[in-house]
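Line by line, the protein sequences are chains A and B. The numbers in this note's numbering rise by one with no breaks, and the one at position 80 of the first sequence is 80. The numbers in this note's numbering rise by one with no breaks, and the one at position 299 of the second sequence is 299.
One or more of the hints may lead you astray.
Unchecked claim - Derived, one-sided and incomplete: chain B residues facing chain A with beta-carbon distance under 8 Å:
no., residue
1, Asp87
2, Tyr181
3, Leu183
4, Lys202
5, Val215
6, Arg256
7, Arg294
8, Phe299
9, Gln301
Read the hints as simulated data drawn from the structure, not as lab findings. No residue lacks a Cβ here, since even glycine has one placed at the ideal position from N, Cα and C.
Protein chains: 2
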Amino acid sequence: MSVLVVGSVALDSVETPFGKADNVVGGSGTFFSAAASLLAPVQLVGVVGDDYPLEQLEPLRQRGVDMAGLEQVAGESFRWRGRYRHDLNSAETLETHLGVFSHFSPKIPPQFRTAPFVFLANIDPRLQLDVLQQVERPKLVACDTMNFWIESRRPDILELIKHVDLITLNDGEARQLTDCYNLVKAARWIMERGPKLVIIKKGEHGAFMFRDRHVFFAPAYPLEDVFDPTGAGDSFAGGFMGYIAQTGDLSDANLRRAVVVGSAMGSFAVEKFSVQRLVEISKQDVESRVAEFRRLVAFEQEGALVS
Amino acid sequence: MSVLVVGSVALDSVETPFGKADNVVGGSGTFFSAAASLLAPVQLVGVVGDDYPLEQLEPLRQRGVDMAGLEQVAGESFRWRGRYRHDLNSAETLETHLGVFSHFSPKIPPQFRTAPFVFLANIDPRLQLDVLQQVERPKLVACDTMNFWIESRRPDILELIKHVDLITLNDGEARQLTDCYNLVKAARWIMERGPKLVIIKKGEHGAFMFRDRHVFFAPAYPLEDVFDPTGAGDSFAGGFMGYIAQTGDLSDANLRRAVVVGSAMGSFAVEKFSVQRLVEISKQDVESRVAEFRRLVAFEQEGALVS
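Extracted from the complex, chain A is given alone in its bound form (with noise of 0.2 Å):
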C-alpha cells in the first residue's frame, strides 16, 4: 500500500567536523520519501523553484517516488545551511531562504487522495489541517510539527491532532506543547486531546512510543560515526510509515517493529550527507540492522530473582 507525504523539498548546505556539502537535496518531504520508498510506494507533494536541480532527486524516482504532486514553479527553492559542531546533536541554522515554500500550498493529485497512510510533514499546521481536507479517510494519519509552530500556531496545532492517529515530536517539543517536562505525563497529555498514538524523538537517545497505558521504547544505534545528522527524524518517520504501509498492519507487534525499522532508517540517514545513503541501501541492510538492534537491547528473563 502507498503512503502520501506532504512536506519540504529543499536545498541544504551543511557543515559538520567531517566535511561540507552545498546545495545538496534536503527537506522533510525528501528525506522521508528517500527512507519509506525502500519498503512502500510514495507519493511526495510540495514544492520547489525554478532553480531546483530535478535530476538531483532521480534516484528517489527509481526507488518508487511518485512526483507528481512535486510543484515546480517560478521563483528561489527552499534553502537551509547549516552547521553542526562537534557533539553533532543540535544544528546551527546560519541561513534559511523559505522561497517559494513559504506561498506553498499543497494540492494533493487526485489519484493520491485514496493514500491508505498519510504523514503530514512539518510544515504550517494550517496547511497540515488542508490537507486532511482533501484526502479520502486514511487508515492512518501521521504528522510531525517543529518549536516554530508550538510557539506561533499553538491553535492550529491543537486543532490538527484533532484529527491525527500519531504525531511524533522530539522531547523538547512534547514538553513545550504540554508544559509537562515528564514524558510520559507529555505524551499522556497528548493522546488526552486527540493521536492515539505518541512517538516522541529524543535524537542520539533513541525514541518513545506511547499507546493507551503502552511504552515501547527503541535506542538509537551506537555508530561509531555520525557524519552528518541532517534528516534524521524524516527518515525515521519514513521508516515507521514506509514499514506500516508496507505491511498495513497496525497491531502493537508490528508498531513495535515499525518503530525499530525507522530508528535503523535513521542510523543509516547520518551515516552520509543528504539522502545519499538512503538511496544505497536495501532492505537487506535494513534487516541486517534491525536484527543488531535485537542484539542491543535483548536479555533474557530466565535465572530469576526470585526463584
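Start from chain A and add chain B according to the hints.
This is chain B only, laid out in the frame that chain A set:
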C-alpha cells in the same frame, strides 16, 4: 557470594520540586549497599563522624549489610546539600562539607579481604588503588569515578583502570576522560587501557554496557513521577553488582540481566528520598520491574522486510 563496597556514607539534604528532606542517609556506599543487599550479602567500608545517626542505617543492617568496616571517628560526617530544578536532570550542589571523609583511609577488615566481588565507589582514585592492595584476587572488581577526580587525579585514574575489570561512569565523564565525544569510541579508548567492561550511564537516557565489540543497552524506566534522582547511579551499580554476586555468573547473558536489574534499582531509588524506597522493595518488586523492562524494549523480528 558477597560483595564488598568502599564508598561514602553521608548525610544528604535535598530539595526537589516535590518536597525536601534534611540530613537523611546518603552517599555512594549507602545507596550501593541498599540496592545490592536485596540480592546478596554486602560488606560496607566507609567512615562517619560522631554526629552520624547510625540508627538510620539499621534497615540496611537488617538487610544483611555488614558494617564491620564502617569506622566512626571524632568529627563531622560528610554532608551534602543539593537542589533539583524541574528537569531533575542535574543536581545543583549548595553545600559540601567533607568532614571526616577528607581524611578517609579505607581499612578493609580481614574477614572482608576475600570478597569475590568488589565495588570501589566514587572516592579518590589513590584510595581506590589502596583498597586493591588490601583485597585478595576478587572475581570481579568494578569502580566508579567522577569529573572532579578525572580533572585532578588523571594519572591515578589511568593507573586504577589497569587493575579493574569494570568501570561505570556517566556519559559526560566518559567524554572528559577519553576526549572522545562518541561514546562507542570512548568505551573502546577505556577498554584499551584495562577494563574488559565499560558501563556508560546516561541518567534518564539509560545505560550502555560495552564488552569487546559487543554493546548492550538498557533504557531508564520511563517513570511518571521521579521524586528525587539522588543516588540513582550508585543504586544502579548496587543492583548490577548485587545480581552478579547473587548468581556468580559472568556470562554475557547474565551481565545483560545485571544491567537491567541495575536499571530497575535505579528506577526504584528515585521514587522516594534517600534509600527509603530501596529498603522497602522486595525481590518480587524488582522481578516485576525487570519484566516491565522487557515489555518496554521487546519486539519480534518476524514480519521480515525481506521475504
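Right, here's what the structure says about each hint:
Interface restraint check for Asp87/B: the shortest CB-CB distance to chain A comes to about 6 Å, inside 8 Å, so the restraint holds. For Tyr181/B, the suggested interface contact is upheld, since its CB lies about 5 Å from the closest CB of chain A, less than 8 Å. Interface restraint check for Leu183/B: the shortest CB-CB distance to chain A comes to about 7 Å, inside 8 Å, so the restraint holds. Hint status for Lys202/B: holds, given a least beta-carbon distance of 7 Å to chain A, under 8 Å.
Checking Val215/B against chain A: minimum C-beta separation of about 6 Å stays under 8 Å; hint holds. Using the Cβ-Cβ criterion of 8 Å, the hint placing Arg256/B at the interface with chain A is satisfied: the shortest such distance is roughly 4 Å. With 8 Å as the threshold, the beta carbon of Arg294/B comes within range of chain A, its nearest partner Cβ sitting at about 6 Å, so the hint holds. For Phe299/B, the suggested interface contact is upheld, since its CB lies about 4 Å from the closest CB of chain A, less than 8 Å.
At a threshold of 8 Å, the smallest CB-CB gap from Gln301/B to chain A is about 6 Å, leaving the interface hint in force.
No hint from the list above goes unmet by this structure.
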